[in-house]
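Peer 1: Chain by chain, the residues:
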Amino acid sequence: MGVNKFLIDHTRCIRCTGCETACKTNNGVPTGVRRIRVVTVNEGKVGERNIAMPCFHCYDAPCVKVCPTRTLYKRGDGVVNHTKEKCIGCGYCLVACPFGAPQFPGGGIFGTRGKMDKCSFCVQPFNQKDEQGNMIENEPIPMCARFCSTKALLGGDSTEISKQFRERIAGFISFSF
Amino acid sequence: MGTAFRDIKISRRGFIKASAALGAATALGSYAGSKNFNPAEIFGTAQATPATTVEKIKSICSFCAVGCGYVGVVEDGVFTKMEPWEDHPINQGGMCCKGTSLVDVTNSPRRLRYPMEKSGGKWNRISWEDALDKVGGKLKGYRDNGEPDSVFMCGLVHGSNEEAFMFRKFAMLYGTNNIDHQARLCHSTTVAGLLASFGHGAMTNSVEMLTQSKIFFFMGSNAAEAHPVLMQKVFEARDKGARLIVADPRFTRTAAFSDMFMRFRPGTDIALLLGIINVLVEHDWIDHDTVDYRTYGFEQLKEVVKEYTPEVVEDITWVPAFDIREAARLMSDNAPGAVIWSMGATQHSVGTYIIRAFAILATILGWQGREWGGGCIPIRVHDNVQGATDMCVLSHFLPGYYGVSSASSWEYWAKVFSETTSTSGNISASTLASRYTTFTNKEGVETNLQLTPGLTVSNWYKGALMQPVSEIDQPTNVKMAMFWGESISSITEMKEQKKALEKLEMLVVVDPFPTAAAALPERSDGIILLPAATRQEGGGSVTNTGRAWQWREPLVAPLYESRTDMAIIKELAGRLDMGNHFDYDSYEAVTAEINLGSRAIGNQGETPERMKRQKEYAHLFDPKTGKAQGGPVDGEWWGLPWPCWTESHPGTPVLYSDLLPVSEGGHDFRGNRTYPTDEPNAGRPMLREDEPQYGTQHVPQYSENGVAYSMDLTGAIVAKALADGNPPTGRGKMRIRVFEQTDKIPIHREPIESPRPDLVDKYPTYPDQPHLYRIVNCEFETEQQRSIAEKRHEKFPIVLTSGRQVAHHGGGAQTRSSELLSEITPEVYVEINPHLAAGKDIREGDMVWVESARGKIKVRAKITERVNDQTAFVPFHWNGVFEGESYQDRWPENTAEVVVGDSVNIITSPGVDQVTQMQETKVALCNIYKA
Ligand code: SF4
Ligand code: SF4
Ligand code: SF4
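Protein chains in written order, with my numbering: chain A, 1 to 177; chain B, 178 to 1108.
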């Protein structure tokens, strides 16, 4: 068994943004906060490609290293998660992250910068606590990947998704010769 | 406000839960579900307790016609979350942003909550009884006055098959053919073109079968944005080496994945296709097994395409001759292939002929009629637009494609309405006929309006604005219009529509959202809004683009005071003394009536029980073919795609393919035509000439004693055909030459507004047509010449085309009311090429005017190479701004959409298709300048 990972097949992503809204629908993420965002390069030209960018749940995660309050932490299953309660909204993780994953809701009750929110591999919704105030903890099954319209975004156990991807490529190779 | 929400069957806590799941923190103030909506206000005090019941219900997406499945999570009667339906054979769980926003759309606080009436310049809340009495009373008044054609009804494209059927039946029994729906604007030309060519007017393959294609030719389809999940199947085929050719005026998101891209001038589709066919003919890259025995008119085609050499076509279309040759070579090297199109091809004044050219291309290459994976793939747009088309919410057909102009169609349906056990009513054909009026037309000819196709979605406003008898084939104007889940911003000539909406005596909007139809007209009285339930709150069957029927159970009860379409139709029918024809006790009872009556396309096998069983056993269906292996559904095709001849027939996955015995889903070109009078074998049935793999040779469409299989309520004729191993439609020929149309073989004709007057001389549009869909003189040539006389090509030198954005749907009332989707695509824009923009000093983000001979719209500039420097593109989902002026304040309070924008259909072309009145939104002339 491997750890939890995302794999993005940029030859398939069509920027339907189904992953973005699947995430919001199921995690109650407010507008302005994008746990996953699809970006396009070379828009309108030959070479146009779309890439869905969640948090990549780094092994040696820079965000975890720099977080002064230990809001960010690495779980045994590979998920880099956060405890909102501890966050002071300094934004250092955003500086450290190579991918721009950490999000900061503006204004509202959290003050000007807001407490950090980021992709939790669907372990926790935006509101981390349920109605009784208990911490929610779901299985790490990312809705974005499960709902991906073209299966461009694979998410889950790294051994399993690399197998799926290899099968896809093997299929292509076997038909090309 | 307690009693206000008597129809809500959800608990107070449940609703709070919904808003909580949706809008994590109301305090953030920026979340869907939280704005303008305070649950405590509605339910009294708010308290939070855990959900006591959690249900997971399989359902079908209610946006586009790909027909994706999902699992709705319903907590205490509230739709709160979604889970992927991973063994659904069409989408395998995948959904685009519209699909995954269904929770947000359903629970949108912007929905219409109760019936409203605009009177004295204000929106007032009224009761259902009051509202229905007013609408019913008005309808009754016109009918009792002998003026049923004063009414125009349109919509039900987002209803179930059952509700679409009921709506069509409602108009039939009421006494008018002035009933139509969005299919007129989506694929009416597809239906006309394919029906004339093959015998049926629908997509020839199931969606699943696309995985079997070796090449895709996208022309006028930007599937990556318009039908995202369909691309899953395309990519699966690509993984096995399939190629992609995209022909489009824009380098679309779909084009980004192509092996070959051809940018062509909007409106020159036929020239490009004939150019490709010219090369195929020249090299004899023709599938003679198909062409020699199973088609009619190939020799005449050869004559016509002779003059369309790649060089000639290059001048017309902008596509280099080399590319045309290369495309032809790719197509002939990779079979079978699928020609995929959508509104880019259908919305033209020559739309029907473009579709016929597709049918010809697919057939002569041998893609059509043989192997799986090949064929004609018109991707339909709304979740049930195929179903509403089949139920014929159309002004020229009765349910199941029985033409209105034939008295026998009416006799047949009167019999069905009487014989069905689903309702108590009886009606004779003569009583039915007596409800229709006759009048003397402009030329003094007595016209029976029962047998005359009615007004359409694209010309309804003419019915309200033009002079009866002298300009429209009606004794009266349209004085009342009902927009039932129909968006006016997807219809062209919005300025004229606005005038028409203002002139009506009564305007009725039935919709979950008020929509622009309610807000656009500047009138102080006479608008009634009826809150309809969404598809998540109603049940019944829904037909996807691949003719597959899927059953939907309501996830939740209708929110607020809204009611299902079925309930509303029943109430109105009751007020018109037609209630005994609508006393169905369930959706299933309506399905039974459809199963009984819709025989031409074989809807006998799509029973609710079978659809529900398929839903239960979805995991047994192979997503690569759609066929079930094992279990109680063994051998069935997903969705029992029609024709599904009997209750034991598995459905027909690929129309016209004779690879399988008919009992397993095989089919053939329809054998209901005879050779025309200018042929040596005139009057003889047109039948395939080779021996079929299965069944027998020389079989015309089945009939007995002059009764066609399609009108035999006993089913005996169908049974005989199946016993013979033949489709009841016989074994006929694909018609390359269609003798009843103006262009027997499709030829290039310049669009109504052409940037090339020199080519208009050579390839003029059609002569004006008399008496077309109630228009006394439908202008084609006159309008085209007007454009030239006014020198529009000089004043407006840029070709304007329109299309879709992935996050929005149709006129956008649902999607622009969703904060999730509004966040993804918050604005309308015009795409301008960097060269053109530089010349006009327009920079990214500037507000610009886009002006045509009809008017001008104010939108943001998006500088991109998607378009070339002679083309501009504006998406059409927008309204709320009219020629730069916002009219958001005309929506009832708290219902205006989250994001608004100017409507491109204010400035699109006045052109319509010569056969079906499809509007020509894809080519107009415009100019752009800084605002
Ligand atoms: S937030 Fe950035 S640095 Fe941290 S785990 Fe995710 S991708 Fe890596
Ligand atoms: S759902 Fe899949 S295809 Fe669509 S944008 Fe996300 S990653 Fe791309
Ligand atoms: S809109 Fe179409 S492609 Fe998107 S989820 Fe719904 S059915 Fe599927």
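Calculated directly from the structure, the hints in this document are not laboratory data.
Since the model is a prediction, treat every value here as computed from it, not as a measurement.
Even glycine gets a Cβ: it sits at the ideal position worked out from N, Cα and C.
Hints are supplied without guarantee of correctness; some may be wrong.
Some chain A residues close to chain B (C-beta under 10 Å, calculated; not the full set) [claimed, not checked]:
{"no.": "1", "residue": "Lys5"}
{"no.": "2", "residue": "Ile14"}
{"no.": "3", "residue": "Cys19"}
{"no.": "4", "residue": "Thr21"}
{"no.": "5", "residue": "Ala22"}
{"no.": "6", "residue": "Lys24"}
{"no.": "7", "residue": "Gly47"}
{"no.": "8", "residue": "Asp77"}
{"no.": "9", "residue": "Gly78"}
{"no.": "10", "residue": "Thr83"}
{"no.": "11", "residue": "Ser158"}
Using C-beta positions, here's what the derived DEER-type ranges look like [claimed, not checked]:
{"no.": "12", "chain 1": "B", "residue 1": "Thr823", "chain 2": "A", "residue 2": "Gly32", "range": "20 to 26 Å"}
{"no.": "13", "chain 1": "A", "residue 1": "Pro68", "chain 2": "B", "residue 2": "Lys299", "range": "33 to 39 Å"}
{"no.": "14", "chain 1": "A", "residue 1": "Pro98", "chain 2": "B", "residue 2": "Arg302", "range": "54 to 60 Å"}
Peer 1: Now look at each hint and say whether the structure bears it out.
Peer 2: Status of each hint after checking the structure:
A least Cβ separation of about 19 Å between A/Lys5 and chain B goes past the 10 Å threshold, and the interface hint is therefore violated. The interface hint given for A/Ile14 is met, as the beta carbon of that residue sits about 4 Å from the closest beta carbon of chain B, less than 10 Å. Hint on A/Cys19 holds. Least Cβ distance to chain B is approximately 8 Å, under the 10 Å limit. The interface hint given for A/Thr21 holds, since its Cβ lies 4 Å from the closest Cβ of chain B, which is under the 10 Å cut-off.
Here the hint on A/Ala22 is kept, as its CB sits about 4 Å from the closest CB of chain B, short of 10 Å. Below 10 Å, beta-carbon pairs count as interface contacts, and A/Lys24 has one with chain B at about 5 Å; its hint therefore holds. Hint status for A/Gly47 relative to chain B: holds, with the closest Cβ pair at about 8 Å, below 10 Å. With its C-beta approaching chain B no nearer than about 21 Å, A/Asp77 sits outside the 10 Å limit, and its interface hint is violated.
Hint on A/Gly78 is violated. Least Cβ distance to chain B is approximately 22 Å, over the 10 Å limit. With its C-beta approaching chain B no nearer than about 16 Å, A/Thr83 sits outside the 10 Å limit, and its interface hint is violated. Among the interface hints, the one on A/Ser158 is violated; its C-beta lies about 20 Å from the nearest C-beta in chain B, farther than the 10 Å criterion. Our hint of 20 to 26 Å for B/Thr823 and A/Gly32 is violated, since their Cβ atoms are close to 56 Å apart.
Between A/Pro68 and B/Lys299 the beta carbons are some 57 Å apart, a value that contradicts the proposed interval 33 to 39 Å. Against the hinted window of 54 to 60 Å, the Cβ-Cβ separation of A/Pro98 and B/Arg302 comes to about 55 Å, which satisfies the hint.
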